[in-house]
Each structure stands twice: as C-alpha cells, then as structure tokens.
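S.K.: So the protein lines, in turn, are chains B and F. Heads up: the first sequence begins at 1 in our numbering, then just goes up one per residue. Heads up: the second sequence begins at 1 in our numbering, then just goes up one per residue.
Treat the hints as calculated values from the structure; they're not laboratory data. One or more hints might be untrue.
DEER-style ranges, computed between Cβ atoms [claimed, not checked]:
id, chain 1, residue 1, chain 2, residue 2, range
1, F, A212, B, E240, 23 to 29 Å
2, F, A212, B, M110, 46 to 52 Å
3, B, A212, F, E118, 53 to 59 Å
4, B, Q130, F, V327, 19 to 25 Å
5, F, G178, B, N239, 31 to 37 Å
6, B, D27, F, E244, 45 to 51 Å
7, F, L120, B, T71, 55 to 61 Å
8, B, E240, F, L120, 34 to 40 Å
9, F, Q172, B, E252, 53 to 59 Å
10, B, Q130, F, G134, 36 to 42 Å
Mimicking EDC-like on lysine to aspartate or glutamate, the simulated pairs with C-alpha atoms at most 20 Å apart in a straight line are [said to hold, decoys possible]:
id, chain 1, residue 1, chain 2, residue 2
11, F, K318, B, D102
12, B, K11, B, D27
13, F, K192, B, D210
The following residues of chain B were derived to be distant from chain F, with all beta-carbon distances above 12 Å [stated by the list, open to error]:
id, residue
14, K49
15, S122
16, G194
17, E240
18, K268
Using N, Cα and C, we set each Cβ at its ideal position, and we do this for glycine too.
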Amino acid sequence: MKLNRNPQLNKNGELIHLLSTEGLSKDILTHILDTAANFVSVSDREVKKVPLLRGKSVFNLFFENSTRTRTTFEIAATRLSADVINLDIARSSASKGESLLDTIANLSAMAADIFVVRHSESGAPYLIAQHVAPHVHVVNAGDGRHAHPTQGLLDAYTIRHFKGNFANLTVAIVGDVLHSRVARSNIHALTTLGCAEVRVVGPRTLVPSDMAAMGVRVCHDLKEGISGADVVMTLRLQNERMSGALLPSSQEFAKSFGLTRERLQWAKPDAIVMHPGPVNRGVEIDSSVVDGPQSVVLNQVTFGIAVRMAVMSIVAGHSA
Amino acid sequence: MKLLIQGGRVIDPASGRDEVCDVAVAAGRIIAIKPGLGQPGSGFEPSRTIDATGCVVAPGLVDLAVRLREPGQEHAGMLESEMAAAVAGGVTSLVCPPDTDPVLDEPGLVDMLKYRAEKLHQGRVFPLGALTRGLQGEVLTEMVELTEAGCIGFGQAEVPIVNTQVLQRALQYAGTFGYTVWLRPQDAWLGKGVAASGPLATRMGLSGIPVAAELIALHTIFELVRSTRARVHLCRLSSAAGIELVRQAKAEGLPVTCDVSVHNLHLIDVDLGYFDSRTRLSPPLRQQRDREALRAALADGTIDALVSDHTPVDDDAKALPFAEAEVGATAVELLLSLGAHWAQADGVGLSRALATLTCGPAGVLGSSLGTLSASAGRLVEGGAADVCIFKADAWWTPRGEQLSSQGKHSPFLGHELPATVTHTLVGGQLVFERAAVPTGAVC
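Using the sequences plus the hints, can you model the full thing?
M.R.: Following this line, the structure appears as structure tokens:
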C-alpha cells in the first residue's frame with residue numbers, strides 16, 4: 001500500500017548503508033567507482049594507508065563463513081586506518097542462542113561505527129540497518145541469495161577498467177544464477193550503469209525465466225548466451241547443488257555450461273573472463289581459461305579492496 | 001437484561017433487510033426488529049437503550065480463522081486477550097484451527113478450550129479438530145468423539161497431508177458422518193518457500209511458492225471430493241488460477257466452499273517492501289492480478305467468506321530476517337474495517353461486504369452450529385442476539401498499542417481504515433463497548 005524510503009539513503013539521498021546495488025542511482029554507483037579508482041594506487045605505496053577512518057571501529061560480522069570476502073574487508077578497513085574487529089558469529093553468540101538483534105545491540109554498545117555483515121538469510125542486513133543508531137553504518141557482505149553489493153561493484157569496476165565504459169557492452173553471467181547474490185548485484189549495477197545487454201545463462205533449474213523482469217536476457221544455451229559477449233562472468237557452483245534435483249552432476253553441468261577455451265571463442269576475441277571465486281576448476285570454468293590471457297580473476301580481487309575502501313569511506317561520511 | 005438498540009441502520013444481509021429501525025433484545029434473543037420500539041406504548045420496556053443513530057446494526061461477525069494460541073503458545077496470545085480482541089472487532093463467533101500445542105486431537109483438550117472460552121463470557125468459540133493425530137497425516141482422529149466435545153469440523157491447519165491415500169480415507173470417514181473437512185490447498189513440496197514465486201521473490205532472493213502449489217492441491221482435493229462426496233471447506237485461496245478451479249468445481253456441483261484472508265484481499269507481493277516481516281504470511285501475498293481475481297470472486301460469491309486469519313506473533317518471532325520470521329499477523333480487530341474498505345474501494349456495497357463476514361461464513365458452518373445454525377450470522381426475531389454495532393464512516397488508524405490482541409504485528413498498522421465497532425452483543429449480553437469513537441458522534 002505504501003512504500004518506504006530506500007533504507008540505504010538518508011533524506012538527502014546520500015548513501016548511509018550499502019545493502020544492495022538495486023535502487024542506487026547511476027551517479028551514486030559511478031561515484032563509488034571513481035572513489036575506488038583513487039584508492040587503487042594506495043596499495044602500490046610504501047605506506048599502504050590513508051587516515052580516513054582513523055579512530056573508527058569496523059566490526060566484521062560474519063554469520064556465515066567466508067574467508068576471502070572477510071579478509072578483503074579487513075584489509076580495506078585497515079588501509080583506511082580503522083580498527084577492525086572480526087567476529088565469527090557462526091561459532092559464538094548465535095550458537096548460544098542469542099538473537100540477531102541482541103548481538104547487534106551488544107556490539108553497538110561497544111561503539112561500532114561500521115558493521116560489515118554476512119548472513120545466510122536474504123534481507124538480514126536490512127533488519128540490522130533498521131535497528132542501528134543513526135551514526136552506525138551497515139555494509140552488506142552478502143545476504144542469502146539476495147545481494148552482494150561490493151562484489152557487484154568490484155565487478156563493475158573491473159569491467160570499466162578493461163572496457164573503458166559500459167555503453168555497447170554485452171555481459172553474460174553463466175551458471176547458478178538462481179542462488180547467486182553476486183549475479184543479482186551485478187545485474188542491478190550493470191543495468192543501471194548502462195550496459196547494452198546483460199544475459200543470464202544456465203539450465204532452467206538454475207536460471208528462472210522471471211529473471212527477465214530484472215532487465216536481462218534469459219538464455220538456456222551457452223553458445224547463444226556468450227556469443228558476441230564482451231564480458232563472460234562465470235559463477236561458482238556450490239557443492240551442495242552439484243547433485244540432486246537441480247543438477248544431476250557437476251560433470252553434466254560442465255558438459256553443457258562449463259566455460260572451456262574452445263567455447264570462449266564464441267565470445268568476442270577481446271572478451272574478458274571473470275569469476276567471483278572460489279573457482280571450481282573443471283566445473284564452471286576450465287583451468288586453461290582461469291589462467292588464460294583473457295582472465296581478469298586476480299584483478300577482481302585487487303580491485304575489490306579499493307572498492308570496499310570506497311564504500312566504507314563514503315558511507316562513513318554521511319549520517320542518517 | 002432487556003436492551004433496545006434504537007435508530008440504527010439495520011443491515012441483515014441474509015434477508016436483505018437494510019432500513020433504519022429498532023432492535024429489541026430480551027433473554028438473550030432478538031424479540032423484535034421494527035421501527036418505533038422505543039416509543040411509549042410500544043409495550044417494550046428496556047433496562048438499557050443504545051442510541052445507534054448514525055450507526056450500522058449488523059449481525060455479529062463470524063470469523064472462520066482465528067488463532068487463539070491456547071493451549072501452548074500463550075507467549076504469543078492468550079485466550080483472554082484474543083477473545084477480547086475478537087469482540088472489539090465485532091466478531092461474535094470464531095473458528096479456531098487445531099494447530100495448538102498440543103494439537104486439538106483429543107476430546108479433553110477441546111472440552112477444556114470450550115470451557116475456558118465460555119467462562120470468559122465473550123464470543124463463541126468453535127474449534128476445528130485435527131483431521132489426523134498430531135496433524136501428522138497418518139492416523140485419523142476420533143472424529144465422532146471430538147464432535148461431541150464441540151468440534152465443528154476437521155482440518156490440518158497449515159500442515160498438508162502428503163499421503164493422498166490418508167487424505168482419501170479422511171474424507172471418506174468424515175463424509176460418513178457429514179462432517180466438513182477444512183483444507184488449506186497447498187502442495188507439501190512446492191509449498192516450502194517463503195514468498196510467492198514471481199519476479200519479486202526472484203529479485204529479492206526469497207524462495208518461492210508457485211501458484212502450482214495451490215492448483216495441484218486443489219486438483220487432488222476436487223478429485224477426491226468427486227469420489228467421496230465429502231464436504232470440503234477450502235481455507236485461504238491465494239491465486240487467480242485457484243479461484244478459477246473453485247468456480248468450476250462449484251459449477252459442477254461439488255460440495256465445496258472457500259474463504260480468503262484480509263491479507264490476500266488487500267496486499268500483494270510488492271508490499272513486502274524491504275523484507276518487512278509483517279508480510280511474512282501464509283498463503284504468501286501474490287501478484288496484483290491474483291488480488292483482483294480474489295476481490296472479484298468475493299464480490300460474486302465464488303468465495304463464501306472473508307476471514308482474518310488472525311495469528312498473534314510475539315515481537316521476538318518477528319524481529320528476524322524475513323524467511324526466519326514466524327508466519328502470521330494479528331487481524332481479528334481489523335476484519336470489519338478491511339471488509340468495509342474493500343466494499344468502498346470496489347463499490348460492492350456494505351450489505352454484500354457484511355454478507356461475506358456474517359451469513360456467508362455461517363453458511364459454511366451450516367448445521368454444525370446446531371441450534372445456532374438458524375440465527376448465526378443473521379438478525380432474526382427469535383434468534384440469538386449476536387449483534388455488531390459500528391460506525392461505518394468513523395475512520396481510524398490502527399496502532400499496535402491500541403489493539404487488544406497480544407499480537408502487535410500487522411501490515412495494516414498505520415493505514416487509515418473505515419468502520420469502527422462501538423458495541424458488540426453476544427447472546428444479548430453487551431460484551432464490548434467502545435469508550436470513544438475516533439470521529440463523528442459517539443453512538
């Protein structure tokens with residue numbers, strides 16, 4: 001009946017939390033990418049730090065295990081001179097029965113400034129953002145299947161770095177799109193930033209047809225999906241989905257949708273290949289492609305730190 | 001007590017009566033409905049007169065889906081608070097599903113519930129017994145015994161029977177005695193999601209419940225009704241395609257009735273907003289075309305009753321990520337207002353809207369009401385005086401703290417709604433009277 005204001009923005013339209021790439025304007029997304037560009041060089045300096053978040057506390061709250069994302073957030077916060085506290089909630093409070101909001105209230109009492117949150121349920125960071133004090137910021141580090149906005153932004157950054165801009169680009173996202181928060185965050189970011197076409201590619205069990213409502217082209221054939229693409233993004237196929245009613249086996253998935261060197265030739269000759277990691281070599285992507293000349297997988301990791309620095313410094317600069 | 005309800009607009013949808021007149025109540029029954037009862041010399045001397053000028057005098061509402069949360073879930077709602085909520089909403093008769101803790105599958109539990117409810121002297125409680133022991137879908141309950149204890153039908157609440165042979169036998173057995181079986185049509189496997197399948201659930205990354213979950217269950221039920229001829233009440237339809245199947249089944253003459261909840265009548269998946277756990281409901285909120293079809297079917301009588309699907313949930317169970325939040329919303333106090341709101345918005349007329357809240361649901365209950373069946377959901381001379389008096393044009397904005405229900409979560413909080421209940425009578429007793437009415441004169 002009535003829609004509330006986007007909880008990521010304050011009443012001046014400034015970013016106070018990063019919960020999703022959906023609903024953010026092209027200006028905000030571009031501002032994050034431009035800010036990240038300024039931070040990329042920080043890692044090349046002898047002193048890899050800027051004092052933007054000096055005296056601030058960043059709490060990494062991972063209700064779901066992750067090594068890579070948590071580490072890059074930690075590095076990003078450290079390079080901004082923040083104090084970083086890592087909490088492996090999966091193994092502490094939650095297992096003792098403490099509720100999500102009680103955990104947040106307790107940590108807020110420890111004077112947290114930024115919560116970096118990963119949770120297995122879609123929407124959990126929204127609940128947290130609604131319950132934190134006005135000066136506290138929430139950055140979503142992945143919630144259920146819903147969003148992984150810093151990954152979407154670092155992917156957009158990587159694409160802009162290699163392709164210059166988004167106009168006229170065709171981006172193909174291949175694999176388990178249904179369960180992928182990375183795919184959703186990429187779709188919203190890339191369609192807002194002006195990509196000519198975003199395609200999602202995979203079997204019908206993993207690529208629902210109503211994805212089309214998100215402004216993408218739905219393909220169930222790999223050749224059709226990546227033909228003429230400028231960017232081919234493969235998604236990680238989670239172990240638990242490799243056999244069952246979604247897919248018969250990882251080998252069969254690889255047979256129809258795995259990215260091999262031969263199949264990559266369907267894309268444009270200068271296409272770049274991306275993957276959010278960790279890679280299942282030989283399943284969604286062959287080693288020859290991951291390690292090949294068109295792969296930018298390691299660049300994604302490097303840019304990820306700069307993008308996360310940008311996000312944290314921007315949200316910390318605005319209040320609710 | 002002799003009571004005179006004077007000068008109200010008396011609407012009795014069952015008889016088509018809609019006129020300004022008086023209602024005289026004595027010894028728990030309506031003894032006369034006509035103008036001039038308050039005049040000297042009319043022969044009726046009331047001990048109390050309610051001035052109903054500017055108000056609607058309607059039959060007490062009959063709500064086919066109210067969770068009282070007793071026994072077992074008293075942290076979410078107590079018999080006392082939820083019965084108070086019902087009469088504050090003008091509901092004088094309510095059906096409660098068997099998914100309590102323990103499940104209503106033993107006559108002793110039903111006896112106790114009926115006894116405790118009667119002691120409160122508020123609305124009338126009509127429990128549904130469990131169709132299978134523990135709602136586990138395996139062993140039939142002692143339906144004859146449970147009926148003697150006061151059950152008016154048998155159901156599975158939100159737990160579908162997976163084994164279709166058990167379902168067939170349950171219908172055959174219930175049908176032997178003419179009992180109605182209440183089923184929520186949702187396939188056990190396809191119904192495991194947390195939001196309606198569709199572009200919005202996909203976008204939000206929420207697992208979906210497809211319309212097929214409802215259609216497959218409906219097809220199964222209708223096929224079994226064809227062979228068993230058991231009477232089935234379908235609880236809380238959610239989809240346009242589901243309604244179409246019900247329409248066909250009714251046209252075919254199958255003994256089926258159905259209801260829709262206030263939530264599915266007014267809200268759609270877009271109302272999930274930013275993962276608002278108050279919209280974590282079952283059945284899930286579907287798309288706009290589904291809502292429009294439900295509204296049209298309620299107007300044309302394909303859907304027999306509008307229900308609140310009242311489910312008080314405590315704060316802790318709602319302060320969770322969407323999928324983890326407990327299903328349900330408090331609604332019995334909003335039932336009349338949401339019915340009136342639908343009537344205004346769709347131009348169906350107040351009398352028709354009241355029919356879906358009074359004689360419609362009473363018809364679903366039919367002869368299971370026993371001696372009450374002739375007067376439940378109706379205003380008839382000689383019948384039980386269950387009456388709801390309300391101001392149709394008194395708009396109000398529900399807020400959690402003003403609700404009698406222990407559950408304070410509803411997606412309708414903060415929405416401006418028409419119709420405020422001023423008085424509720426059950427069996428001629430004034431069980432609810434509102435001290436102040438938001439706008440306009442107090443009746």
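S.K.: Within 53 to 59 Å: is that where the Cβ-Cβ distance between A212/B and E118/F falls?
M.R.: Check passed, 57 Å falls within 53 to 59 Å.
S.K.: Does the beta carbon distance between G178/F and N239/B stay inside 31 to 37 Å, or does it fall outside?
M.R.: violated (54 Å)
S.K.: For the pair supplied as a hint, K192/F and D210/B, is the alpha-carbon distance within the 20 Å limit?
M.R.: holds (19 Å)
S.K.: Take the C-beta atom of Q172/F and the C-beta atom of E252/B, compute their distance, and say whether it sits inside 53 to 59 Å.
M.R.: The hinted range 53 to 59 Å is violated for Q172/F and E252/B, with Cβ atoms some 45 Å apart.
S.K.: Next pair to validate is K318/F with D102/B; report whether the Cα-Cα distance is within 20 Å.
M.R.: holds (14 Å)
S.K.: Could you see if the CB distance from D27/B to E244/F stays within 45 to 51 Å?
M.R.: holds (46 Å)
S.K.: Can we confirm that no CB of chain F comes within 12 Å of the CB of G194/B?
M.R.: Given a closest Cβ separation of 20 Å, the condition holds.
S.K.: Taking the beta carbons of L120/F and T71/B, is their distance inside 55 to 61 Å?
M.R.: holds (60 Å)
S.K.: Could you tell me whether the CB distance from Q130/B to V327/F stays inside 19 to 25 Å?
M.R.: Holds - the Cβ-Cβ distance for Q130/B and V327/F, about 20 Å, lies within 19 to 25 Å.
S.K.: K11/B and D27/B were given as a pair; does the straight-line alpha-carbon distance stay at or below 20 Å?
M.R.: holds (16 Å)
S.K.: E240/B and L120/F, beta-carbon distance inside 34 to 40 Å?
M.R.: violated (50 Å)
S.K.: For E240/B, is the shortest beta carbon distance to chain F beyond 12 Å?
M.R.: holds (15 Å)
The structure fails hints 5, 8, 9, 15 (numbered hints given earlier, in ascending order).
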